[in-house]
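**Student:** Letter by letter, the chains look like this.
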Amino acid sequence: MTPGRQEESAKGMQTAEASSEPKFAGTKKDQAVASDALNVMRAMGRFFPKSAPLRASVPSLAQYFAATHTERDEADWAAYLLKVAKANTDVFQIEEIDDVAHLVTTSAGVAPTPAVVDHTHVLAERFTEPVPFPAEAPEPRKRAKTAQIVEPSAEELIGGPVPADEIEEEIETGLEASDVEAETPAAVASSSTEMEIVGDVSDLSDDVLAELIANQLRDDVSVANFGNEWMLEENVSRLSRGDLRRTREYLVERNEPLTDEVLLQDVLGLRPNAENYVAMKFALNYRLSREQREFEYVGTATQRFWTTGGLPVIGTTKRKASEIGQDYRFLLNEERVELPAGEAVVEHVLSFYEYQYGVLPLDGLLAALMPAAEIPDQRAAVLVFESPQTYETFQIELRFPTGNRGGYLAGFDRFFLENLVPGALFTIELNDAGHYLIEYLPVSGEDRKLLQIDEKRGRYVFRPMTFYCATQEDMVLSENRFPQLANVPLLEERARRRPELALAATFERIGEQMGTSDAPKYMAIMDDLLPASNVERPMSADLIRSIIRSTENPNFSADPDMEDVFYYEPTQS
Amino acid sequence: MTNLHLSSENMTYLLTVLRNSNHPVTTQELVAALRERAQASR
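If you're matching them up, the sequences are chains A and B in order. For the first sequence, this note's numbering gives the first residue as 352, with consecutive numbering after it. For the second sequence, this note's numbering gives the first residue as 20, with consecutive numbering after it.
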């Protein structure tokens, strides 16, 4: 480094050092006194932090100055020091402590700033000063919704999109109204986009009020809900990981869905007469419903069944549940029927398809007899069926309809196979215990050759069968009635899935050939079409009629003169 | 129907009912509680 550079560097260092010293106001004499006072106070607090306040009483400082500078006495120095301090408020503060003036400064040479201590997160503060309880309950916190589906109004569904001129008219009307006067509360309430706040509930029916309560409480995360029961979430007992593990292991061990009461008593060891039995039952159901990966709710309001992965499937293994649901898709278009008051019995005639797979459709009165899903997104419910005639009880799975699959009951395979034949008439009744009774009319043994499937050959065959149940004759698939079905191969899966193709195949199998060999035309009546088409896939009489009358299927036609007489003319390739 | 909402006073009352109960309350019981409150306030 050159000598020039060294000088510059030294100057720079001196400048940096000088800038840390305060500049005093006043005459040179005042500045000298202020500097002395500061140095004295710095000496007193030489071990203090730079920002710590240094205090010295004015009399003690005056005494020091009077001893070192004798031109003034103590009183004069005291007055002079106060005057100098007042002129240098950046460096000194004057404090009165017990009527004695004190000068306050810091080692840094600046007046101290009041220290602010943040006690916000001091643990002691948090324990000793709890948050006061709010006078009013907080606004319900909205639970995030997975999907918001806006249902179209009836007008939109029926009338299609609103014409443009009507929209313009509405806009104009709206503008006029806003120009003239503000909307009245009644108008706001009637608007489809505004919500009406209900203060007085006396005008609402119980059903409407219950729905309002359920809708609003369900959105509140502080409220626990299961079925139609509610509790504050914080009041619901919790289940440990061990409780959940033992519950799952017990379900696997018992190898069947179990009710909440069984789980409560056998796994959690709670007695039915325990004081907290009802609350614990709710807690068990609520907590298990939150563990969707491990547990699935398959219960009803009367019997709350739970299942877990790895349990045997209720129902047939011959056909996938999803495929059966697809087969019953046409049920989604059917209107829901109400059971007559006081009636809790439904009659049903067994079709070949139902017999083969041990299923029953969730249609008409049977759907009305069955319970609805108790919780949102419930896939299935386990129902207990009793057969007083065979002294057996078995579990049936009710598959709820979904967007593109119809609902059905599964698990009758063995019962149908052992006791009934296609065409059998039986009843299903709901008893007071929430169990379903299935009963048929027993008759003396009858021997007939009935349609069956030869699994090895993949064909339909007629085999002699002895059965002891009453049948509805027009649904019985006997050899005498449908000899054409013997040795007929099973329909391909592709054709089975489409009702119109399955119906066409049925015409070709059992219909009466009225055309020529080059231009065939088949005729069949509903009484034959219904049992024969239900061999391949479920089909209702309404579905058959709608297929035949649909303009999309010109190959089918109905007889103009005779009811339920139909024709099918295959397209010539 | 879908535009109806219970007032905050009603909801506060329902939450109070739930807070004061150590067992589950059914929807029907909540309906009855609201009706009882409406009658008492007249």
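If you are wondering where the hints come from, they were derived from the structure by calculation, not from laboratory data. Among the hints, erroneous ones may be present.
From the structure, some residues in chain A lie toward chain B, with a derived Cβ separation under 7 Å [what the hints assert, rightly or not]:
(1) 376
(2) 552
(3) 652
Sample of chain A residues facing chain B (criterion: CB under 8 Å; computed from the structure) [what the hints assert, rightly or not]:
(4) 549
(5) 570
(6) 579
(7) 781
(8) 784
(9) 785
All C-beta atoms in this analysis are idealised placements derived from N, C-alpha and C, irrespective of residue type, glycine included.
**Student:** May I ask you to test the interface hint for residue 376 of chain A with respect to chain B, counting a Cβ-Cβ separation under 7 Å as satisfied?
**Tutor:** violated, 63 Å
**Student:** Does the closest beta carbon of chain B sit nearer than 8 Å to the beta carbon of residue 549 of chain A?
**Tutor:** With Cβ-Cβ at 5 Å, under 8 Å, it holds.
**Student:** When the nearest CB of chain B is found for residue 781 of chain A, is that gap smaller than 8 Å?
**Tutor:** Hint on residue 781 of chain A: violated, closest Cβ of chain B at ~21 Å, above 8 Å.
**Student:** If you take the shortest Cβ to Cβ gap from residue 784 of chain A to chain B, is it below 8 Å?
**Tutor:** Hint violated; residue 784 of chain A Cβ to chain B Cβ min 20 Å, cut 8 Å.
**Student:** Per the CB criterion, is residue 652 of chain A less than 7 Å away from chain B?
**Tutor:** violated, 11 Å
**Student:** Identify whether the interface hint at residue 570 of chain A stands, where standing means a beta carbon of chain B within less than 8 Å of its own.
**Tutor:** Since chain B brings no Cβ nearer than about 10 Å to residue 570 of chain A, farther than 8 Å, the hint is violated.
**Student:** So, residue 552 of chain A near chain B? Judge it on the closest CB pair being under 7 Å.
**Tutor:** holds, 5 Å
**Student:** Against chain B, is residue 785 of chain A within 8 Å by beta-carbon distance?
**Tutor:** violated, 17 Å
**Student:** A closest beta-carbon separation below 8 Å is what the hint needs, so does residue 579 of chain A meet it against chain B?
**Tutor:** Since the shortest Cβ distance to chain B is 4 Å, the answer is holds.
In the structure shown, a violation is registered for the earlier hints numbered 1, 3, 5, 7, 8, 9, in ascending order.
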